[in-house]
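As given, the protein sequences belong to chains A and B, one line each in that order. Numbering that gives the first Met the number 0 puts the first residue of the first sequence at 0, with every later residue one more than the last. Numbering that gives the first Met the number 0 puts the first residue of the second sequence at 0, with every later residue one more than the last.
Hint data in this document are derived by calculation from the structure and do not stem from the laboratory. Keep in mind the model is a prediction, meaning the values are calculated, not measured. Incorrect hints may have been included.
[To be verified] These stretches of chain B come out as covered by chain A in the derived footprint (C-beta under 8 Å, 3 or more residues):
{"hint": "1", "region": "130-136"}
{"hint": "2", "region": "164-176"}
[Said to hold, decoys possible] In silico PhoX-like cross-links for lysine-lysine, where the CA-CA straight-line distance does not exceed 25 Å:
{"hint": "3", "chain 1": "B", "residue 1": "Lys366", "chain 2": "A", "residue 2": "Lys143"}
{"hint": "4", "chain 1": "B", "residue 1": "Lys258", "chain 2": "B", "residue 2": "Lys234"}
{"hint": "5", "chain 1": "B", "residue 1": "Lys123", "chain 2": "A", "residue 2": "Lys174"}
{"hint": "6", "chain 1": "A", "residue 1": "Lys131", "chain 2": "B", "residue 2": "Lys167"}
{"hint": "7", "chain 1": "A", "residue 1": "Lys409", "chain 2": "A", "residue 2": "Lys421"}
{"hint": "8", "chain 1": "B", "residue 1": "Lys6", "chain 2": "B", "residue 2": "Lys313"}
{"hint": "9", "chain 1": "B", "residue 1": "Lys215", "chain 2": "B", "residue 2": "Lys236"}
{"hint": "10", "chain 1": "B", "residue 1": "Lys256", "chain 2": "A", "residue 2": "Lys12"}
{"hint": "11", "chain 1": "B", "residue 1": "Lys256", "chain 2": "A", "residue 2": "Lys344"}
{"hint": "12", "chain 1": "A", "residue 1": "Lys508", "chain 2": "B", "residue 2": "Lys167"}
{"hint": "13", "chain 1": "A", "residue 1": "Lys22", "chain 2": "B", "residue 2": "Lys123"}
{"hint": "14", "chain 1": "A", "residue 1": "Lys143", "chain 2": "B", "residue 2": "Lys234"}
{"hint": "15", "chain 1": "B", "residue 1": "Lys313", "chain 2": "B", "residue 2": "Lys256"}
{"hint": "16", "chain 1": "B", "residue 1": "Lys167", "chain 2": "B", "residue 2": "Lys61"}
{"hint": "17", "chain 1": "B", "residue 1": "Lys359", "chain 2": "B", "residue 2": "Lys61"}
{"hint": "18", "chain 1": "A", "residue 1": "Lys301", "chain 2": "A", "residue 2": "Lys283"}
{"hint": "19", "chain 1": "A", "residue 1": "Lys131", "chain 2": "B", "residue 2": "Lys61"}
{"hint": "20", "chain 1": "A", "residue 1": "Lys174", "chain 2": "B", "residue 2": "Lys6"}
{"hint": "21", "chain 1": "B", "residue 1": "Lys132", "chain 2": "A", "residue 2": "Lys22"}
{"hint": "22", "chain 1": "B", "residue 1": "Lys121", "chain 2": "A", "residue 2": "Lys22"}
{"hint": "23", "chain 1": "B", "residue 1": "Lys234", "chain 2": "B", "residue 2": "Lys215"}
{"hint": "24", "chain 1": "A", "residue 1": "Lys508", "chain 2": "A", "residue 2": "Lys368"}
{"hint": "25", "chain 1": "A", "residue 1": "Lys338", "chain 2": "A", "residue 2": "Lys308"}
{"hint": "26", "chain 1": "A", "residue 1": "Lys127", "chain 2": "B", "residue 2": "Lys429"}
{"hint": "27", "chain 1": "A", "residue 1": "Lys201", "chain 2": "A", "residue 2": "Lys143"}
Glycine included, each C-beta is placed from N, C-alpha and C at the ideal position.
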Amino acid sequence: MNSEQSINPEDAKQRILAALPVKVARKRSKAIVVNDGSGTVPEITVNSRTTPGMITMRGCAYAGCKGVILGPTRDVLSITHGPIGCGYYSWLTRRNQTRPPTPEDANYMTYSLSTDMQESEIVFGGEKKLAKAIDEAFELFHPKAIAVHATCPVGLIGDDIHRVTKEAQERLGIKVFGFSCEGYKGVSQSAGHHIANNQVFKHMVGTDDTISTSPFQVNLLGEYNIGGDSFVLEELFARCGFNLVSTFCGNSDHDSMCRAHTADLNLVMCHRSINYMADMMETKYGIPWIKVNFIGAAATAKSLRKIAKYFDNAGLMEQTEKVIAEEMTAVVTAQTIYKPRCDGKVCMMFVGGSRSHHYMELFNELGMKTIAAGYEFGHRDDYEGRNVIPSIVVDADSRNIESLKIEPDKARFRPRVTAEQKVKLAADGVDFKEYGGLMRDMPAGTLTIDEPSHHEVVELINIYHPDMFGAGIKEKYAIQKAGVPCLQIHSYDYGGPFAGFEGAINFYKEIDRMVNSRVWSHLNAPWQEQTEIIATFGR
Amino acid sequence: MLLRHTKPEIKERQVLTINPAKTCQPIGAMYASLGIHNCLPHSHGSQGCCAYHRSTLTRHYKEQVLSGTSSFTEGAAVFGGQSNLVQAIDNIFTVYNPDIIAVHTTCLSETIGDDIPQIIGKAKEEGKIPPGKIVIHTNTPSYAGSHVTGFSNMVASMVSYLSEPGEKRASRANIIPGWVDPADIREIKRLLDMMDIDNIMFPDTSGVLDTPLTGKQEYFPAGGTTIQALRATGKSKITIALGPTSSLAAARLLDTKCKVPYEILDLPIGLEATDAFVDTLRRNFHTDVPDEINGERGRLLNMISNMHQYTYNKRVALWGDPDQLVALTQFLVLLNMKPVYIVTGTPGNNFTDRINTVLKGTVPEVKVLQGQGADMYKMHQWIKQEGVDLLIGNTYGKYIARDENTPFIRAGFPILDRVGHQYFPIVGYKGAMRLCEMILNAFLDKKDRECPEESFELVM
């Protein structure tokens, strides 16, 4: 890499902006922040409209809804209402692993169901076709629940998917509900997360009051079991003694999500995609939530301790400490092997709405500095911390996404901790409803950049030539062409798991493999490296 | 079982598609646009379409796939996408500086009825298209046709926007390769070179989606058909269009617009289709077929005859795109195999007739399914009723292959989980040898894995 110390981040920012049209540069300059390390986090302009033509990393509301939130739930049958493409591209392309308890249990994740809307439905409406498709799907699969996902044309032609699903529910006697997640809603996947949160909360959470008698019950929210992360955490929780009521939505099933309101604590992993759910569950059922991070060994230990502290039980604390100690032995051994091989290298990460922050932990553990980072679809609270939420201006694009008005449930609301306990726990590090955001953890002299365009990514690489880049599939090979290894932090390059202690060790190995791969040293052929001129004169 | 809910009993469905054997138009248009040199494809619609198409193409090629999007929000969906597209054109030329932008539509912009030529005109009027730069478009409503239709539409648009008629004709062939991979295009070019036939290949994704690792990042790699070459297609002697579903529309248009006659052939997959391709070139350019090509053909025949015992009477299920399926079916018949289930989600006339023609009555039990509702779920049900020995198709077949313990070779689009298709062709005689190798090794590996120890053979 170029010596990062010698680069003035303000100059880098100006160089990135230089090629942009004036209006675009003005807008982008508010989304690129030089971190001064002072502890005061400046405002960043994010979650705003993507500039057309700039080559964006972002996807759409449908992707955020069907792909992210409901995709990992194995026994809710999803039907895409629209032309064939959306259902096709969201078919098995995220790595949400799932493990049905028996070979007989339902698993619909390998199926892509679509109404394959045709021109006649665009003209005359697609409601009849949707109703019939729901009936046909029911006949074939007999699922507990059917979820219908709307694509762009559905909203435009005015199909009322909520009426069609309501009628189907009455007709079939199973749960049928719809998501108005048309791709043009909002400005990114993030709109789809919110839409999905609302409908899952309305139609699933709180519909089964069966309470387990086990102690220390938690929900894990915003963990999607990419590469088996949830499996690692399920095992870790079991060993510590935490009882997992439900996960939203890695390795999840319908019934556990319907019982989520019976848990005593919500753990929020991906803040961006699921904080709505945590807030709504708190208001309606009285379940408090804390932010956790199981990416990174130290972060995992810290999160486990926080959970144990919340339950205030000596046995649980002791068991948790024991598990941490057991796991840390292997982690420390791995660190002594891999840290020297990665130490001092620098990385950049632009991904998701929480992941860039989470993965900084792992890079830190390897001695690697994150010199530029940001999200694809984060909001100001993901960057600056939740304390800015009251000051976030709701623009027209966000206003179009419904915010549910939640009241405490008369029968089911049950405060889990008293106000005094809350204060005491908070003083002890169990910081309820808190998230400090990415920027607070960015070192001085680094850049926070929201949703960089392809041009900006290329400029960053040209300026800094980092040792490592974290992004998605669309960016990966473009970045690697420049000789910089790029890890897909959405799909883990088909490896993983990266969560928990076991995941941290996997990650160390993976990064060592990438930054020390021999292939990068052969980009020039021997004759391209020769400096002397070899020539023959005459014949 | 991964597809545990698929049962052999077939309940008729009228509207529900399950596990489709097609995807939507815009991705085909995006792929075709990448075959123009210094071209940035542009998706006029919500940004999710563009993200999905770029991701799928990237996963298939393991290469950079760039494209702009108009990033519609609710406002654009209601009031139209004109200002988004004008702004996108301005930004793209300012920041990325391609020679040409190839716009395709989406179901969203088609439903609201955006008039793309009018918007391009507006951009021109406002000075957003620098002198010498070009914007072309094609309409790709996702609610009609399939990804193949979108490919065909974009190739036809290259002709309608760029091909220029001329009095003087060069002794040169236009080759429309159809939807094949860059390695296939390289192989077709190699055959043309060996026959010393001057040609314009369009679109040409070689050098765009199979680029070397050099340590240098480029927005636009070296490959692709140049605008100059696309203009000159109107002055070629003949167009040879490979695969009617993806190439006929452009060939016809070139004939109408520039009076360039065309011949339409199957994709040169397998012996007979490659014979037809080589022979068509020979006839039109009055040239001899070099010994090197005869040698390749002979080696293919040698391989087939040597290993015939392993392919004879084997039942095959195949799914994918019409042009590939017709040519593959013909090749399988030559290998004395039995293509029993053939499925494409892509609609269009003549597919069943074409399949029946190449089957020559050799597989009376064949089941062919095409168009809406022609999906992999139904094909899997047929397999559950009566099994097959081999599956040929895109990556989505792996779930059936594992559940049914059936050998599976990957051919078509998309291939998301194996390497090879990026670099090694399946067209031409050499490509046919590669197909044979894949088929035979799939059978032999299964035999080695599963046969009783006493029948485990060293020599096979």
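Each hint tested on the structure:
Only residues whose C-beta sits within less than 8 Å of a C-beta in chain A count toward coverage, and the region 130-136 of chain B has 0 of them, not enough to reach three; the restraint is violated. Chain A is given as covering the region 164-176 of chain B, and this is violated because 0 residues of the stretch bring a CB closer than 8 Å to a CB of that chain, at least three being needed. Distance hint between Lys366 of chain B and Lys143 of chain A is unfulfilled; the C-alpha atoms sit about 34 Å from each other, more than 25 Å. Proximity of Lys258 of chain B to Lys234 of chain B is assessed by CA-CA distance (about 9 Å); at most 25 Å being required, the pair is judged to hold.
A hinted pair counts as satisfied when its Cα atoms are at most 25 Å apart, and Lys123 of chain B with Lys174 of chain A does not qualify at roughly 53 Å. Between Lys131 of chain A and Lys167 of chain B the CA atoms are separated by roughly 59 Å; this puts the pair beyond 25 Å, and the hint is violated. With a C-alpha separation of about 22 Å, the suggested pairing of Lys409 of chain A with Lys421 of chain A holds against the 25 Å cut-off. For the hint pairing Lys6 of chain B with Lys313 of chain B, the CA-to-CA distance comes to about 24 Å; that is within 25 Å, so the pair holds.
Using a Cα cut-off of 25 Å, the hinted pair Lys215 of chain B and Lys236 of chain B is violated, with the two alpha carbons roughly 39 Å apart. In summary, the hint linking Lys256 of chain B to Lys12 of chain A is not supported, as the alpha carbons are separated by about 50 Å, beyond the 25 Å threshold. Restraint check: the Cα-Cα separation between Lys256 of chain B and Lys344 of chain A comes to about 59 Å, which exceeds 25 Å; the hinted pair is violated. A hinted pair counts as satisfied when its Cα atoms are at most 25 Å apart, and Lys508 of chain A with Lys167 of chain B does not qualify at roughly 64 Å.
Distance restraint check for Lys22 of chain A and Lys123 of chain B: the Cα-Cα separation of roughly 19 Å lies within the 25 Å cut-off, and the hinted pair is therefore satisfied. Of the supplied pair hints, the one linking Lys143 of chain A and Lys234 of chain B is violated, its CA atoms being roughly 63 Å apart against a limit of 25 Å. With a C-alpha separation of about 47 Å, the suggested pair Lys313 of chain B and Lys256 of chain B falls outside the 25 Å cut-off, and the hint is violated. Our distance criterion of 25 Å between C-alpha atoms is broken by Lys167 of chain B and Lys61 of chain B, whose separation comes to about 42 Å.
Using a Cα cut-off of 25 Å, the hinted pair Lys359 of chain B and Lys61 of chain B is violated, with the two alpha carbons roughly 39 Å apart. For the hint pairing Lys301 of chain A with Lys283 of chain A, the CA-to-CA distance comes to about 28 Å; that exceeds 25 Å, so the pair is violated. The straight-line distance between the Cα atoms of Lys131 of chain A and Lys61 of chain B is roughly 39 Å, outside the 25 Å bound, and the hint therefore fails. A distance of roughly 23 Å separates the Cα atoms of Lys174 of chain A and Lys6 of chain B; the hinted pair therefore holds under the 25 Å criterion.
Among the hinted pairs, Lys132 of chain B with Lys22 of chain A is consistent with the structure: their alpha-carbon atoms are about 22 Å apart, no more than 25 Å. Using a Cα cut-off of 25 Å, the hinted pair Lys121 of chain B and Lys22 of chain A holds, with the two alpha carbons roughly 19 Å apart. A C-alpha spacing of about 36 Å is found between Lys234 of chain B and Lys215 of chain B, which places the hinted pair above 25 Å, so the restraint is violated. The hinted pair formed by Lys508 of chain A and Lys368 of chain A meets the criterion: a straight-line CA distance of about 17 Å does not exceed 25 Å.
Restraint check for Lys338 of chain A and Lys308 of chain A: the C-alpha separation of about 31 Å exceeds 25 Å, so the hint is violated. For the hint linking Lys127 of chain A to Lys429 of chain B, the alpha-carbon distance of about 50 Å lies beyond 25 Å, and the restraint is violated. Restraint check for Lys201 of chain A and Lys143 of chain A: the C-alpha separation of about 16 Å stays at or below 25 Å, so the hint holds.
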